[in-house]
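Engineer: Residues per chain, in single letters:
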Amino acid sequence: QQPVQSPQAVILREGEDAVINCSSSKALYSVHWYRQKHGEAPVFLMILLKGGEQKGHDKISASFNEKKQQSSLYLTASQLSYSGTYFCGTVGAGSYQLTFGKGTKLSVIP
Amino acid sequence: EAGVAQSPRYKIIEKRQSVAFWCNPISGHATLYWYQQILGQGPKLLIQFQNNGVVDDSQLPKDRFSAERLKGVDSTLKIQPAKLEDSAVYLCASSLVLRDYEQYFGPGTRLTVT
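Chains as they are written, first to last, in this note's numbering: chain A, 10 to 119; chain B, 756 to 869.
Honestly, the hints are just simulated from the structure, not real lab data.
Backbone N, C-alpha and C define an ideal beta-carbon position, used for all residues, glycine too.
Hints may contain errors.
To be verified - 25 angstroms max Cα-Cα, derived BS3-like pairs, lysine-lysine: (1) A:46 to B:770; (2) A:46 to B:766; (3) A:35 to B:833; (4) B:799 to A:114; (5) A:35 to A:68; (6) B:799 to B:817; (7) A:76 to A:35; (8) A:77 to B:770; (9) B:833 to B:799; (10) A:77 to A:111; (11) B:799 to B:766; (12) A:46 to A:111; (13) B:766 to A:59; (14) B:799 to B:838; (15) A:111 to A:35; (16) A:68 to A:114; (17) A:76 to A:111; (18) A:76 to A:46; (19) B:826 to B:770; (20) B:833 to B:766; (21) B:770 to B:833; (22) B:817 to A:46; (23) A:77 to A:46; (24) B:826 to A:111.
Stated by the list, open to error - Here are a few chain A residues that sit away from chain B, every Cβ distance over 10 angstroms (derived from the structure): (25) 16; (26) 22; (27) 41; (28) 51; (29) 58; (30) 98; (31) 100; (32) 106; (33) 107; (34) 108; (35) 110.
Said to hold, decoys possible - One-sided and incomplete, this derived list gives chain B residues near chain A with beta-carbon spacing under 7 angstroms: (36) 763; (37) 765; (38) 794; (39) 796; (40) 797.
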């Protein structure tokens, strides 16, 4: 079952912060985050395994609440290079299949 | 390190024709994936291989789509016959192990069915 992402789109000015949410109706084993720029392939950001740990990647971090089956991606002090579509992907318990959400389009303007 | 290679990059065919896509994963990566990405949506897994065995093909329309990964390296995805709704970008990805690992995506093949 496809995870639900919110918001669908967001516009930021350089230096502003953003949060992208991802939720699933099924029990999750892991959550994956990818960024895709227009006309390019998705690029891996991070994986979060059940256990609720938070991970960081430069000024991008994420959390995973396995009880609520939710994950959030935090982008701080946004840069122009952060623009793109962010996808969360989920892997259910007992599964190997990565199911992506519909994506959140992030636009960072000067 | 060379990335995931795919060819062709673009393909235009008429409905009911057949088409094949090729993928060469990163050397040493045991797991290979084929995704379909329709404009404005996230990638949808079609088939997943571990070496030359199929792990998951539950979302592959088997009446028209087929895929193989001979010798556990290169892979080919075929559509026969194509429908208008098959117009999409077909992405190949590979990862070192089966689960909980970064997937590296190729540049994709943009298919247009007219």
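Engineer: To test your reading of the hints: which numbers does this structure violate?
Structural biologist: Violated hints (numbers, rising): 1, 3, 5, 8, 13, 18, 19, 22, 23, 24, 27, 28, 29, 30, 31, 32, 33, 34, 35, 36, 37 and 38; every other hint is consistent with the structure.
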